[in-house]
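Taken in sequence, the protein lines are chains W, B, Z, Y, C and X. Going by our numbering, 21 is the number at position 21 of the first sequence; the sequence numbering is gapless. Going by our numbering, 283 is the number at position 283 of the second sequence; the sequence numbering is gapless. Going by our numbering, 68 is the number at position 68 of the third sequence; the sequence numbering is gapless. Going by our numbering, 92 is the number at position 92 of the fourth sequence; the sequence numbering is gapless. Going by our numbering, 51 is the number at position 51 of the fifth sequence; the sequence numbering is gapless. Going by our numbering, 132 is the number at position 132 of the sixth sequence; the sequence numbering is gapless.
Hints are not guaranteed to be accurate.
All copies of an identical chain are treated as equivalent in the list; a pair is satisfied when it fits inside any one copy or across any two copies.
Quick list of in silico lysine-lysine cross-link-like pairs, BS3-like style, CA-CA up to 25 Å [said to hold, decoys possible]:
(1) Lys135 - Lys20
(2) Lys250 - Lys20
(3) Lys66 - Lys224
(4) Lys135 - Lys2
(5) Lys20 - Lys255
(6) Lys43 - Lys20
No lab work stands behind these hints, which were simulated from the structure alone.
What follows is each chain in one-letter form.
Number of protein chains: 6
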Amino acid sequence: MKKKIETVQTLLDALTYITKFRGDIIVVKYGGSAQTSDSLKEKFAQDIALLKAVGMKPVVVHGGGKSITSLLDELNIKSEFIDGQRVTSKEAMRVVEMVLSGEINKNIVSLLNSYEAKAIGISGKDANFIKAIPKDEGRFGYTGIIEEINPSIVFNILDDGFVPVIAPIATASKLNHPGFNINADLAASKIAIALKARKVLFLTDTEGVLDRDKKLIKTLTIAKTNELIKEGVISGGMIPKVNAAIEALKGGVKKAHIIDGRLEHSLLLEILTSSGIGTCIEL
Amino acid sequence: MKKKIETVQTLLDALTYITKFRGDIIVVKYGGSAQTSDSLKEKFAQDIALLKAVGMKPVVVHGGGKSITSLLDELNIKSEFIDGQRVTSKEAMRVVEMVLSGEINKNIVSLLNSYEAKAIGISGKDANFIKAIPKDEGRFGYTGIIEEINPSIVFNILDDGFVPVIAPIATASKLNHPGFNINADLAASKIAIALKARKVLFLTDTEGVLDRDKKLIKTLTIAKTNELIKEGVISGGMIPKVNAAIEALKGGVKKAHIIDGRLEHSLLLEILTSSGIGTCIEL
Amino acid sequence: MKKKIETVQTLLDALTYITKFRGDIIVVKYGGSAQTSDSLKEKFAQDIALLKAVGMKPVVVHGGGKSITSLLDELNIKSEFIDGQRVTSKEAMRVVEMVLSGEINKNIVSLLNSYEAKAIGISGKDANFIKAIPKDEGRFGYTGIIEEINPSIVFNILDDGFVPVIAPIATASKLNHPGFNINADLAASKIAIALKARKVLFLTDTEGVLDRDKKLIKTLTIAKTNELIKEGVISGGMIPKVNAAIEALKGGVKKAHIIDGRLEHSLLLEILTSSGIGTCIEL
Amino acid sequence: MKKKIETVQTLLDALTYITKFRGDIIVVKYGGSAQTSDSLKEKFAQDIALLKAVGMKPVVVHGGGKSITSLLDELNIKSEFIDGQRVTSKEAMRVVEMVLSGEINKNIVSLLNSYEAKAIGISGKDANFIKAIPKDEGRFGYTGIIEEINPSIVFNILDDGFVPVIAPIATASKLNHPGFNINADLAASKIAIALKARKVLFLTDTEGVLDRDKKLIKTLTIAKTNELIKEGVISGGMIPKVNAAIEALKGGVKKAHIIDGRLEHSLLLEILTSSGIGTCIEL
Amino acid sequence: MKKKIETVQTLLDALTYITKFRGDIIVVKYGGSAQTSDSLKEKFAQDIALLKAVGMKPVVVHGGGKSITSLLDELNIKSEFIDGQRVTSKEAMRVVEMVLSGEINKNIVSLLNSYEAKAIGISGKDANFIKAIPKDEGRFGYTGIIEEINPSIVFNILDDGFVPVIAPIATASKLNHPGFNINADLAASKIAIALKARKVLFLTDTEGVLDRDKKLIKTLTIAKTNELIKEGVISGGMIPKVNAAIEALKGGVKKAHIIDGRLEHSLLLEILTSSGIGTCIEL
Amino acid sequence: MKKKIETVQTLLDALTYITKFRGDIIVVKYGGSAQTSDSLKEKFAQDIALLKAVGMKPVVVHGGGKSITSLLDELNIKSEFIDGQRVTSKEAMRVVEMVLSGEINKNIVSLLNSYEAKAIGISGKDANFIKAIPKDEGRFGYTGIIEEINPSIVFNILDDGFVPVIAPIATASKLNHPGFNINADLAASKIAIALKARKVLFLTDTEGVLDRDKKLIKTLTIAKTNELIKEGVISGGMIPKVNAAIEALKGGVKKAHIIDGRLEHSLLLEILTSSGIGTCIEL
């Protein structure tokens with residue numbers, strides 16, 4: 001009987017969220033273990049398929065991570081670094097694009113297709129969808145920052161009933177220019193803004209944002225987040241994540257979530273339960 | 001952690017059913033305690049609202065039960081009985097219609113309206129929606145059996161986004177005829193058939209169909225049900241219920257459920273969990 | 001030949017009015033003898049069917065009159081009176097609703113259905129269509145005055161090709177509240193305003209508004225009507241009628257007619273002939 | 001009071017016919033006095049406007065009669081005759097077309113425009129709408145018989161809300177061919193068939209078809225009509241009229257009427273009263 | 001090879017113009033030799049058909065010229081002249097209309113029909129499309145100047161996929177008025193304005209506007225054109241042409257062209273080549 | 001003047017073809033010099049943009065050629081060969097996909113975007129658009145042959161107004177399978193069939209099919225082509241091209257063209273001139 005009450009509670013919760021998010025666009029930044037473990041990949045595909053089946057409109061933005069580095073190594077392309085950040089040379093840019101648009105993007109498309117979430121993969125070059133300019137006046141080579149997003153192609157894909165899978169490559173709108181390499185977290189935020197998405201979720205390899213005692217913080221405001229950065233509680237690789245989250249919130253996205261991609265079905269748990277499983281940041 | 005796994009299981013279950021029943025018509029025969037207890041009424045309204053919100057199309061068919069008897073008594077209208085079944089006299093018919101179409105129907109409409117499941121109440125007389133003829137060549141007076149259902153008015157109400165609430169009164173298609181009093185369980189079955197409903201559920205004041213040891217039987221076929229009737233395991237008031245269920249199944253409805261209306265949120269539990277809570281009868 | 005000229009004149013007249021009122025909503029307050037005499041009922045149904053067939057959109061609002069009183073008597077429900085007006089107690093309210101929504105409303109629906117004017121009966125509770133508040137701060141119990149009308153359900157019924165038949169019961173938008181009893185004349189006026197009706201017609205048991213010499217006045221303005229009230233020429237039961245008419249005109253309805261429901265086909269004669277048969281009040 | 005009863009009867013009659021013919025195409029062959037008397041012309045235009053206003057779709061086919069003869073005379077173009085029928089020479093054909101398409105057609109268009117029946121005039125050459133071949137292998141010169149009608153242009157005009165006014169000129173579908181002169185009665189019948197018209201009416205300068213005692217025959221069948229021709233009761237100029245009528249009926253038009261164009265509003269009287277005023281021929 | 005390069009150049013040119021004018025309305029004033037030579041007529045029809053086939057919307061406005069004069073002569077209708085301009089008497093007006101609407105208009109319609117450019121001929125009387133008032137307070141009789149154009153009938157014809165062919169006759173919007181005779185060049189300009197046409201082209205029997213040395217001027221502005229008139233370089237019959245052109249430009253038409261109708265396919269050459277063949281006047 | 005006549009001839013020709021191919025799908029296999037020379041690339045993009053602008057629907061299918069080989073070399077991936085054909089190992093397949101879907105596909109998309117022919121790049125994995133099975137029972141590793149094409153995604157892209165650019169990679173419809181490498185010529189043919197294309201054109205680095213004397217053959221039938229193969233006149237690399245062409249013709253494509261991609265604007269010249277510039281093969 002107690003189990004029945006819990007089941008009812010889970011159902012009431014989930015139905016409420018399903019009703020609330022019906023027809024809404026949900027941008028998911030896909031990366032980390034969830035992108036590499038075979039078992040987690042399948043759970044992820046299943047979650048995307050179910051969210052879509054109950055009426056939401058998931059959009060996947062992915063990074064490339066280790067595959068890019070390993071192909072650069074295989075090809076003996078050396079990278080220069082400024083302040084610890086890689087400078088994308090022309091040679092490297094070719095590799096970045098091949099890996100992101102040609103390998104990883106199509107792998108995710110195939111994965112989702114297997115789970116009845118028919119997907120179409122695009123990069124920011126398709127229909128000149130994402131336009132970028134060089135970061136820091138070109139100090140980082142072909143690493144770019146987004147200048148403009150024309151989301152109509154993504155709306156078309158959604159209207160046709162497919163899940164858009166987006167590689168974070170941008171066009172330079174110049175003939176014979178190789179295009180730009182874009183940070184995937186920032187791309188997800190900018191795309192979420194352009195699509196007027198309800199939520200953006202970042203799948204990471206941590207539990208979420210942790211407090212001084214390394215315990216998960218369930219909810220944060222922008223102000224509180226900035227405070228934690230200043231205090232050094234949020235540090236390292238988490239800083240760009242929360243900054244991307246804040247960017248999205250300032251652009252009109254209602255909620256940004258940093259969740260644990262190592263946990264099975266973390267997407268469902270975060271979106272459809274009132275307790276959630278990661279950190280939710282709001283205005 | 002164990003709780004999270006259970007939650008995920010409940011979610012996967014529910015999402016699968018929601019996907020499966022999206023856009024499907026679900027006919028609910030509403031009666032018994034669920035119709036009289038204030039607390040159960042609210043849970044019922046909440047369930048209907050949620051089923052509708054996630055994309056199903058619930059249709060409510062109600063009976064009148066005790067209210068009719070009590071108004072007949074107040075008015076000193078005596079009833080004749082044949083084989084234990086009430087004969088509906090012309091005087092009684094007026095009372096039956098006033099209670100069903102004028103009191104109970106509008107009460108349910110108001111109840112659902114309060115829970116964001118905007119409802120419209122009709123009887124079989126509206127648009128001549130349900131046509132009947134006298135039962136047993138008139139031995140039961142104005143008690144009728146359904147001859148024809150023209151469901152287009154119900155489809156219109158569904159298309160306009162409302163929950164149809166139906167009083168089991170039928171038209172005789174004759175000028176100045178008072179119409180017919182219809183058994184609500186049979187009306188629910190016939191309406192489910194005419195609407196090509198996916199499911200019909202009967203809310204009762206029992207756990208469901210019980211076996212010889214008074215334990216709930218989870219699933220039944222028509223054949224097995226008939227056997228249990230013959231053996232006397234199914235008896236009394238349960239017989240007309242299962243007969244109505246069988247009628248619906250023979251007319252093309254996929255599943256008929258007899259569930260416990262005394263249990264809170266029994267509709268959600270039966271429709272959205274794989275274990276269910278009552279008896280499900282299939283072809 | 002003279003007859004042919006008259007026929008031509010009648011046709012030219014009628015065609016002009018049909019052209020003028022094509023697609024317009026015409027609200028008819030149905031009551032009095034036209035609602036009780038079998039022969040007049042049929043003529044009324046025929047008129048509604050023909051008006052609809054030639055392109056107008058009739059909407060019927062009905063009262064309950066004697067049926068309510070007689071059922072209250074049968075049930076020994078005593079009524080308190082203030083200034084000659086009945087106070088609707090909770091017990092009485094139940095009777096009012098049963099008679100209006102359950103008996104009379106469905107009778108009219110059946111009547112119209114027999115004359116190819118397919119009808120759907122609703123009360124103000126359906127889809128929370130009419131919201132009311134207590135009259136005079138509750139001195140009259142559950143007698144209400146209309147606060148808000150959301151006409152979309154009536155437009156839906158009209159768009160689906162049916163004649164809406166409306167019982168003057170309103171919702172209180174509160175859980176477990178029995179709703180309100182509304183004056184049918186005023187309900188007709190308010191509904192005509194909300195529907196942006198072209199005309200509202202009140203079927204009465206008099207010839208129309210009479211002058212000092214008891215002769216029918218064909219046309220009146222609001223100003224002239226008020227004058228006649230002040231002078232005592234309009235008195236008694238006619239005062240609430242003309243007030244309802246004036247209310248409609250002030251709300252934007254073009255013309256309000258008070259006509260003799262005892263005359264066969266009075267609706268056709270008033271709407272489709274230039275001489276008319278009753279009193280027409282304009283701004 | 002007696003007058004009111006007659007008015008009601010006329011209204012009930014007319015409303016029934018209006019309902020019956022709503023949306024139906026009614027082809028009117030316009031000619032004779034109705035086309036020449038200024039007073040009758042206005043009545044005709046008024047009738048067409050009213051029929052259109054109440055939902056029918058009138059289509060006017062006209063002849064040219066005396067205007068053609070008089071212009072031929074003015075231009076000293078002599079005509080050859082075979083069996084009393086004029087042979088259309090090339091010179092005459094030019095005159096026929098100028099008078100029909102350039103003078104009479106535009107006069108009727110202007111007339112109808114003045115009565116709020118916005119009209120568009122076309123001939124069979126527009127969009128190659130009527131194709132003809134020479135009559136009797138060319139013995140009658142450019143007098144043609146209709147081979148094919150492509151009515152889509154007329155449907156377009158009707159859909160755009162205009163009254164089509166058609167000059168009985170046909171195309172030969174050959175470059176530099178002057179086209180064909182077509183008998184207007186037969187053109188009306190063929191057009192009525194091609195448009196799947198409900199009725200075709202021929203305005204003539206007689207009362208209708210008369211019996212042996214010169215009294216009007218109200219209704220005829222094709223069989224009876226042929227009998228009357230054989231017996232010589234129908235003779236002279238009435239024969240081609242009834243033959244055109246029979247042609248239309250055989251092609252699927254429900255009723256063909258031969259009516260007195262000299263009578264004011266004869267169209268209304270024939271179409272909207274049960275007694276009618278001319279002769280109605282049915283299958 | 002050189003030929004291939006020229007072909008490529010012609011194609012690139014033409015494709016650019018086709019793309020630019022896709023969906024645009026092009027008004028062509030048709031007259032002169034192009035209207036009388038059998039060979040030129042066919043080339044004209046072919047050009048109109050091709051312009052239409054590649055997506056433009058040609059509209060033809062025609063004059064009547066010599067045919068009117070010759071029929072007036074045949075009928076011995078004498079004309080009065082004021083300042084060298086013909087006064088249109090009532091008798092002459094009948095002839096003008098018969099020739100324009102009945103003869104020439106239908107000839108052009110038949111011609112275009114033969115070249116798969118399905119055409120519909122109308123005059124300003126159809127649907128009261130062009131309204132005029134007397135020129136110079138009636139000094140020129142039934143010669144009128146355009147007061148108002150309601151282009152919806154022309155848009156309907158274009159939307160239905162036909163080429164509109166327009167006779168320059170206008171309605172007076174008065175019962176029994178014969179209408180007005182309109183200058184065809186001015187009619188073309190006014191129609192182009194009312195249709196928001198991209199271009200208006202005047203087919204003439206000259207090369208275009210010539211300079212002092214009788215050499216063709218390729219492009220002109222309104223200012224330069226007025227200068228040339230003042231200087232007497234533009235004179236005689238060319239003055240009304242350029243004035244009609246200027247009228248169109250002032251009304252919003254982008255370009256007006258005066259081209260040589262004696263040259264085969266002059267329409268194609270002017271519209272689809274960058275060099276053009278006549279004079280193009282712009283704001 | 002002679003030049004004008006030639007221009008007119010070119011225009012008449014081109015307009016006829018434009019009319020004929022309006023709305024038709026034209027599949028272009030893009031490869032060879034046209035894909036590598038910067039100048040030819042721009043001409044190609046211009047041609048595609050113009051064909052699209054005048055109403056055709058170009059679809060580009062590309063190969064990868066030398067880029068694949070060079071990346072394989074850089075990565076030291078050795079290839080096995082059977083009968084001179086490369087066997088695609090799993091390692092090679094990764095490179096093939098990265099180059100085709102990630103590098104070349106997006107380069108072409110960017111190129112077309114620069115010329116106002118907004119393009120979207122996809123591979124056969126997107127929406128599981130092209131399904132393949134191993135060639136010769138797997139002897140060639142991950143080289144596949146097309147089993148099924150579901151063209152709806154390409155129709156969506158065309159309907160949205162974009163040029164589809166297709167990489168010849170197919171899905172295996174199996175989880176974790178790397179997919180298949182498909183011959184681009186055959187892919188173009190199969191896609192042309194699935195899209196019910198009017199034409200398929202193969203851009204090559206030869207003039208077209210040559211006869212025994214090395215002179216271009218303008219038109220061929222399937223029969224004649226097979227004969228030339230048997231006689232050895234068609235040989236070497238031209239054999240798979242003509243076989244792909246024949247495959248398309250047998251599948252319902254009207255014409256297959258083998259044209260010289262080294263010639264500027266060869267697409268326009270072949271499609272829009274009656275002389276053409278390459279070899280056209282028909283049934």
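Could you tell me which of the hints above the structure violates, numbers in ascending order?
1, 3 and 4
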